[in-house]
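**Student:** Required output: the full structure, derived from the provided sequences and hints.
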Amino acid sequence: MNNISTVAEKPKIYWEPNEYHHVPYQIYSDGGIYEEEQKRLFRGPVWQFVGLDMEVPNPGDFKTTWIGDTPILLIRDETGALNAFVNRCAHRGTTLCFEAYGNKPVLSCVYHNWCFDLQGNLQSVAFQHGIRKQGGLPKDFCFKDHGLTRLRVAQVRNLVFATFSDETPPIEEFLGETMVSHMNRIFNRPMKILGTYSQYMHNNWKLYMENVKDSYHASLLHLFFTTFRLNRLSMEGGLLLDDSGGHHISYSKVKTDSSQDTEYETGQLRAQQDDFTLADRRLLRTFPEFEDGITHAIQGIFPTMVVQQIQNSLAVRQLVPRGPGECELFWTILGYEDDTPDQTDMRLKQSNLIGPAGLVSMEDGIIGSLVQRAIDCDSDKSTVLEMGGHSVENQKSRVSEASVRGFWKAYRTHMDL
Amino acid sequence: MNEITMMLLPRVENLISRYVHCVDDYRLAEIPDFFTDDALYRIIPRRNYEQGHLVGIMECDGKGMIHDRMSSLNRANIFEPHRYRHMVSATVIRGAEGGEIRADTNFFVARIMESGEFSLFTTGVYRDVIVEKEGQLLFKERIVVCDSTRVDSLLALPI
Ligand code: FES
Ligand SMILES: [Fe+2]
Numbered sequence: 001m002n003n004i005s006t007v008a009e010k011p012k013i014y015w016e017p018n019e020y021h022h023v024p025y026q027i028y029s030d031g032g033i034y035e036e037e038q039k040r041l042f043r044g045p046v047w048q049f050v051g052l053d054m055e056v057p058n059p060g061d062f063k064t065t066w067i068g069d070t071p072i073l074l075i076r077d078e079t080g081a082l083n084a085f086v087n088r089c090a091h092r093g094t095t096l097c098f099e100a101y102g103n104k105p106v107l108s109c110v111y112h113n114w115c116f117d118l119q120g121n122l123q124s125v126a127f128q129h130g131i132r133k134q135g136g137l138p139k140d141f142c143f144k145d146h147g148l149t150r151l152r153v154a155q156v157r158n159l160v161f162a163t164f165s166d167e168t169p170p171i172e173e174f175l176g177e178t179m180v181s182h183m184n185r186i187f188n189r190p191m192k193i194l195g196t197y198s199q200y201m202h203n204n205w206k207l208y209m210e211n212v213k214d215s216y217h218a219s220l221l222h223l224f225f226t227t228f229r230l231n232r233l234s235m236e237g238g239l240l241l242d243d244s245g246g247h248h249i250s251y252s253k254v255k256t257d258s259s260q261d262t263e264y265e266t267g268q269l270r271a272q273q274d275d276f277t278l279a280d281r282r283l284l285r286t287f288p289e290f291e292d293g294i295t296h297a298i299q300g301i302f303p304t305m306v307v308q309q310i311q312n313s314l315a316v317r318q319l320v321p322r323g324p325g326e327c328e329l330f331w332t333i334l335g336y337e338d339d340t341p342d343q344t345d346m347r348l349k350q351s352n353l354i355g356p357a358g359l360v361s362m363e364d365g366i367i368g369s370l371v372q373r374a375i376d377c378d379s380d381k382s383t384v385l386e387m388g389g390h391s392v393e394n395q396k397s398r399v400s401e402a403s404v405r406g407f408w409k410a411y412r413t414h415m416d417l
Numbered sequence: 001m002n003e004i005t006m007m008l009l010p011r012v013e014n015l016i017s018r019y020v021h022c023v024d025d026y027r028l029a030e031i032p033d034f035f036t037d038d039a040l041y042r043i044i045p046r047r048n049y050e051q052g053h054l055v056g057i058m059e060c061d062g063k064g065m066i067h068d069r070m071s072s073l074n075r076a077n078i079f080e081p082h083r084y085r086h087m088v089s090a091t092v093i094r095g096a097e098g099g100e101i102r103a104d105t106n107f108f109v110a111r112i113m114e115s116g117e118f119s120l121f122t123t124g125v126y127r128d129v130i131v132e133k134e135g136q137l138l139f140k141e142r143i144v145v146c147d148s149t150r151v152d153s154l155l156a157l158p159i
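Chains as they are written, first to last, in this note's numbering: chain A, 1 to 417; chain B, 1 to 159.
To be clear, the hints were calculated from the coordinates, so they are not data collected in a lab.
Please note: incorrect hints may appear among the correct ones.
What the hints assert, rightly or not - Now the stretches of chain B that chain A is said to cover, found in silico as 3 or more residues with beta-carbon under 8 Å:
1. 12 to 19
2. 67 to 73
3. 127 to 141
4. 150 to 156
Where a beta carbon is used, it is the ideal one built from N, C-alpha and C, also for glycine.
**Tutor:** Written out as structure tokens, the structure is:
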């Protein structure tokens with residue numbers, strides 16, 4: 001994986017060593033960087049979120065997904081274990097499963113009917129012995145050498161991760177204690193899927209992840225939040241980062257809003273129209289859900305996963321790069337199995353806040369593209385990330401770009417840039 | 001189809017046509033007037049719809065929430081200026097009982113950006129429940145079932 005030739009071929013990029021408060025525009029559009037990311041991040045020593053265990057509840061249940069550009073098959077076997085494979089036949093490379101979800105007792109390839117068991121072992125080859133002793137496989141053909149490419153799999157509660165590398169540290173170590181305990185907090189009892197959809201964006205995948213980690217923009221780009229006092233930066237909250245910088249949690253408590261003496265009160269900010277009222281406030285009906293009083297928590301897991309709690313709107317998002325200039329975001333909206341009908345109704349109403357039509361978040365579907373189209377022409381210039389200083393550390397204020405800098409710290413480490 | 005539904009069909013199709021013209025003309029403030037006070041307006045991908053999942057792309061429970069959507073588009077949300085162009089099929093009346101007409105209508109929606117760029121944005125079927133109030137047909141329920149699970153960039157304007 002780390003052979004000399006990849007180092008020699010490394011794309012040329014000018015970037016001050018250990019600098020995270022400037023990021024060269026080239027990083028968002030360079031095809032060579034994109035290839036390097038596939039090797040070092042997506043197929044490198046990094047855990048990648050591939051789905052929720054309840055998406056594949058029974059033996060033989062599978063879902064298809066991606067890690068970077070690589071098509072992935074997540075399937076539950078007869079023992080109940082979850083296995084992840086490259087979704088590709090070991091014969092001639094045909095896509096094995098082309099449905100989004102399904103169930104198969106055995107993985108048979110449509111092209112020449114090679115069959116693999118649910119552990120990925122090659123089970124049978126059509127016409128293995130030829131017809132009337134003509135054709136067929138040579139005697140020394142080894143079935144064992146022709147299984148599916150298998151990934152390591154790990155789970156934190158309902159969240160399933162996979163990795164290509166033997167060097168990836170155990171999942172708890174990769175995530176760190178703070179990140180794991182936040183996952184335990186949300187996935188504390190049986191959950192259910194309320195809906196899924198995806199959002200296709202015309203920007204480099206990293207622009208979306210930066211946006212997720214940019215708590216500074218929340219009340220400035222998204223007017224809906226601010227107007228209804230759902231997420232003012234002056235509310236109690238903060239940023240938590242793991243040691244690598246790559247993972248973060250941005251959290252706040254809505255009840256403790258005190259916005260005196262801030263810029264909000266001067267009426268200067270565009271993102272403030274206090275005469276804006278809703279005709280039907282049931283849209284904002286919420287119920288207290290967590291004992292710590294935290295009402296908003298966005299957790300970004302390096303490189304491409306998000307765990308979301310926006311009031312009672314719970315979701316996971318998985319970002320899949322689609323070439324240097326595009327990406328697709330897969331949303332899974334969640335509730336608890338023991339939700340009352342009224343709680344389900346509130347989650348359903350609050351789903352209006354998120355997603356591609358989100359009253360709060362729709363702007364995130366376009367903001368990356370607004371950046372991408374303006375920077376492609378000037379790959380030698382760079383972006384500025386100096387809110388909250390130059391450091392990568394926990395912050396009391398969310399008027400900070402520390403978690404974005406943290407992303408770049410982890411990125412540079414993994415990319416050896 | 002019985003005689004009553006035959007007589008209703010032109011009026012139902014007229015309601016659906018007036019609605020899509022209203023959206024395509026960007027008369028957003030008038031959209032709530034197509035709905036009853038307790039109307040349900042939901043945009044949901046077909047896969048969720050068929051699996052019985054309720055959560056989709058957009059969910060308005062009542063005329064008030066439809067109104068709030070439109071005023072949020074007008075005042076709060078930021079997106080590149082664009083228009084839709086709807087093409088709808090002939091309507092199939094699925095039933096007419098208890099003063100409620102159930103009608104299905106296919107649609108194609110093109111999205112046209114100010115830059116001139118245009119694309120087929122979404123396709124699907126309107127699954128409507130229509131009632132008559134004071135001589136006027138209104139949507140009591142409009143489930144917009146989109147064929148694709150994927151939305152390009154964002155979905156701001158109603159379908
Ligand atoms: S490619 Fe799969 S059996 Fe030949
Ligand atoms: Fe945002």
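**Student:** Which hint numbers does the structure go against, in order from smallest to largest?
**Tutor:** When the structure is compared with the hints, numbers 1, 3 turn out to be violated.
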